[in-house]
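Asks: The chain contents come next:
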Amino acid sequence: MTLSFRKSFLAASVSLAALFSAQTLAAQEAVFVIGTAEVGAPTYNPIKATMLNTATALIFDRMVSQAADLSYHPWLAESWEEAADGMSWTFKLKEGVTFHNGEPFNADTVKAWIELFKTTEGENAYMAEAIASVEVVDASTVKFVMSRPEPNLLYNLSSTFMSVVEPKSFAALGDNYGVTEVYGTGPYKLESFAVGQETVLVRNEDYKWGPAVAANAGPAKVERLTFREIPEDSTAFLELKTGGVDFLLSVPADLMGEVQKEANLAVLTMAGQDVWYMPINVTKAPFDDIRVREAAAKAINQEEILASVFGGVGAVADTFLISALPESKVADSAKIKFDPARANALLDEAGWAMGDGGVRMKDGQPLKVTLWTQSDSIFRRLTEVVQAQLKAVGIEAEITTFDSSMIRDQYKTGEQQLAVRSYNWDNADIVDWFFGGDRLGYPNVSMYNDPKAEELRTAAMTGAKNMDERVANFTAYHEYVLTQFPMAPIYQPVQAFAYNTDRLSLPATINAPSFGTAAFMDLEVKE
Amino acid sequence: MLPWLVKRLLMLVPVFLAVSVVIFSILHFIPGDPIDNLLKIGSSPEARAEMEVRYGLDKPLPVQYGIWLGNVLQGDLGTAIVARRPVADLIAQALPHSLRLGGLALLFSTVVGVVLGVVAALNRDRWPDRAIMGGVLVGSTMPSFWLGLILILIFSVSLGWFPVSGARGWQSLVLPVLTIGLGGMALVARITRVSMIEASGRDFVTLLHAKGLSPLRIQLRHVLRHALIPVVTILALRIGWILGGAVTVEVVFARPGLGTLLIKSLSQHDYPVVQACLLMLAMAVMLGTLLGDILQALMDPRVRAALS
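Those protein sequences? They're chains B and U, same order as listed. Counting along the first sequence from 1, when you hit position 162 you're at 162 in this note's numbering, and nothing is skipped either side. The number in this note's numbering is simply the position in the second sequence, starting from 1, with 1000 added.
One chain only, chain B, in its complex shape:
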């Protein structure tokens, strides 16, 4: 009797204690919803993966970090030096860094990690392709010997695909590395991972080597983070609204208003990495005439689109690159801005005279073109506004809508005249990707192939020995492309996030290009 009483008393107190500890734990826990574009990332193996989600940036550290202005700052590399000829880089590594499995991080691990890019089957080898070999100078110094100058090396080293993995467990775990177990040096350790469902991370208590761009060097302030994967934006929003989750890592423009209606929810915006634009097929008449291209480009009223389609959130685009990139700083004359007078004058000059019904005519033919877009509602809405703006200068555009997953194959036919599309990238090499003469159709939707541009392109892609030269060469290439009007820039959105203000307190400023490691280091849960 006494024994069973004691037993049940004990059991009761144990469960009571568990209840209390569960409560304190709950206070230290935050639930995030991964951005819809990252749902279903099947592994946390950065060397093999084709897609990685935000949680990857917390399990692993990188050699260098990037600030909001896209400049590079120390992380696992304390400092670095590039040889004048660009043929070698020397990195001084942070000391006292350990992986989650206790292995030390040093020059040997960096060498073994870089070599994984060459020996692992996958599509990421190009990230380290310019590194011919890695020399261990001393325990905390490595020298990358380059096969060619690679002024883009720091950009690659700041990418999640160049997260520093622990080489021994990588070899031992094989295909299971990144799925069942994964070891990095990051501020959080992987506790569990169910593909397409959720990932649970726990704080790395030893962490004190956070990126230079974060205020807190470590350990992180929140004990446990759960990352849920919800493919439907509206479902994710309802979870946030009902308190099921604390933070949405992506909020589509049409849900932002709904978030702002709730008293305990707020929207956080950061500079975006997307550019929306209108490619112009330079090979299809009438756009084989540069005057017609310029007219169409200058008929686009970016300010009006920003206000009417996007509610004033974001910024206008007047070059092909996001404003944070130094290569976007082209001569003012090269920027593509709304100028209806110039558009009308150019069309008159090209022989397209204003006809009846507001459509221009030449040799008895009306100025009718096709305008392609994809099925997402925001694209359709924007495209209708573009159509109206073209009509205002006498160009009649007929909209054709394609399914988003199939439009690339349509572009490959080269039949497009005008289109409305967007890209997401934070490096100037995107100009090469979309306007390189050897990728006509898709990605080169504009079918643009110009000898002078190709020359400038080669100089930009492989001609620079260091970063300053690369910026100069890419700016020149970008500027020239703009003056040929193979597209019209339209809009730069922001990255939008939504969170529960009762639960989370965010750092006042996030000095990073996206909501990643730096933001998570300074994030706090309210008691």
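Incorrect hints may have been included.
Restricting the straight-line Cα-Cα distance to at most 30 Å, the calculated cross-link-like pairs of lysine-lysine (DSSO-like) are [claimed, not checked]: (1) LYS1040/U x LYS284/B; (2) LYS168/B x LYS189/B; (3) LYS284/B x LYS111/B; (4) LYS465/B x LYS1059/U; (5) LYS1059/U x LYS118/B; (6) LYS412/B x LYS391/B; (7) LYS241/B x LYS189/B; (8) LYS189/B x LYS1059/U; (9) LYS261/B x LYS241/B; (10) LYS189/B x LYS208/B; (11) LYS221/B x LYS94/B; (12) LYS92/B x LYS118/B; (13) LYS412/B x LYS337/B; (14) LYS335/B x LYS1040/U; (15) LYS368/B x LYS335/B; (16) LYS452/B x LYS412/B; (17) LYS111/B x LYS1040/U; (18) LYS241/B x LYS94/B; (19) LYS118/B x LYS1040/U; (20) LYS335/B x LYS412/B; (21) LYS208/B x LYS452/B; (22) LYS168/B x LYS1040/U; (23) LYS92/B x LYS208/B; (24) LYS337/B x LYS362/B; (25) LYS221/B x LYS208/B; (26) LYS412/B x LYS1059/U; (27) LYS362/B x LYS335/B; (28) LYS1040/U x LYS143/B; (29) LYS452/B x LYS1040/U; (30) LYS526/B x LYS261/B; (31) LYS412/B x LYS1040/U; (32) LYS465/B x LYS94/B; (33) LYS1040/U x LYS329/B; (34) LYS526/B x LYS221/B.
No wet-lab data here; the hints were simulated from the structure.
Starting from the known structure of chain B, fit chain U onto it as the hints suggest.
Replies: Positioned in the frame of chain B, the structure of chain U alone reads:
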């Protein structure tokens, strides 16, 4: 019985082959390919050609089909091109979630459907019958995608009884099971009611009444047994449909499973995964039909007699 079963199983072979051809070819007729999703910004045009060779996408379609079918018959579903993991692993992770959801939905629609059907039949043309059949009509005509959202709005957002989404604990199963199960429940209720009413008019029922058995006992012990034969057949047929129907419901409720895997892989054109998912769904329909035939044979003495 045995020769019949063997014959029935052999008939599945041509059906399987036909299904496999359809699954393989429709996918390749959709514009786009997985390489587009693998190519990184900045990779060279040659990289594309290399990748096509590596994943065997450069070979003519019939050859690709032959290789795929050969591997599938040996139990090898291949490796996902975009997801870069063995397809069997991805399926093994997803399938239990779909089976649990589908199984519970089937159970729900059977139990509740039969009970409602019997109640309606026993109260034929009175108010319980009218109420149930009215409800059934609504239940069977509502698209599951929409029904799911309505249930979320009522039970999660307004009442706060169940989580909006996810797969944590039994609470997160309630709304998805209802969403899938309501349609099936309506069907089962309708069939049970009709076949009960039909069976009640048969001679053996008159005989039982003449023997002085209580009407309720006659209905529940004798009439229901007859009435359940078509219900069982329909249920077996629905096994495949329930797994297929789970596709949209899994997406709405953000549950892992065959449906979410299928949708994700389809948008990435990850051929091996989509093919495996469709094959699973097609096999579920085929095996469900077979099961329905077998059960019907076992339950109906006339069919049993005809076979032996």
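Asks: Take a quick look at whether LYS1040/U and LYS143/B sit within 30 Å of each other, Cα to Cα.
Replies: holds (27 Å)
Asks: Keeping to a limit of 30 Å between CA atoms, is the pair of LYS465/B and LYS94/B held or broken?
Replies: holds (27 Å)
Asks: Do the alpha carbons of LYS1040/U and LYS329/B lie within 30 Å of each other, as the hint requires?
Replies: Roughly 25 Å between the alpha carbons, so the hint for LYS1040/U and LYS329/B holds.
Asks: Tell me if the straight-line CA distance from LYS189/B to LYS208/B falls inside 30 Å.
Replies: holds (14 Å)
Asks: Taking only the CA atoms, is the gap from LYS208/B to LYS452/B under or equal to 30 Å?
Replies: violated (50 Å)
Asks: Quick one, are LYS284/B and LYS111/B close enough, alpha carbons at most 30 Å?
Replies: violated (51 Å)
Asks: Between the alpha carbons of LYS221/B and LYS208/B, is the straight-line distance 30 Å or under?
Replies: holds (12 Å)
Asks: Given the proposed pairing of LYS335/B with LYS1040/U, does the C-alpha separation stay at or below 30 Å?
Replies: holds (28 Å)
Asks: Check the hint pairing LYS189/B with LYS1059/U against an upper bound of 30 Å on the C-alpha distance.
Replies: violated (43 Å)
Asks: LYS241/B and LYS94/B were given as a pair; does the straight-line alpha-carbon distance stay at or below 30 Å?
Replies: violated (42 Å)
Asks: Does the alpha-carbon distance linking LYS221/B and LYS94/B stay inside the 30 Å limit?
Replies: The hint holds at about 22 Å.
Asks: What's the verdict on LYS1059/U and LYS118/B, does the C-alpha distance respect the 30 Å limit or exceed it?
Replies: holds (27 Å)
The earlier numbered hints that this structure contradicts are 3, 4, 8, 18 and 21.
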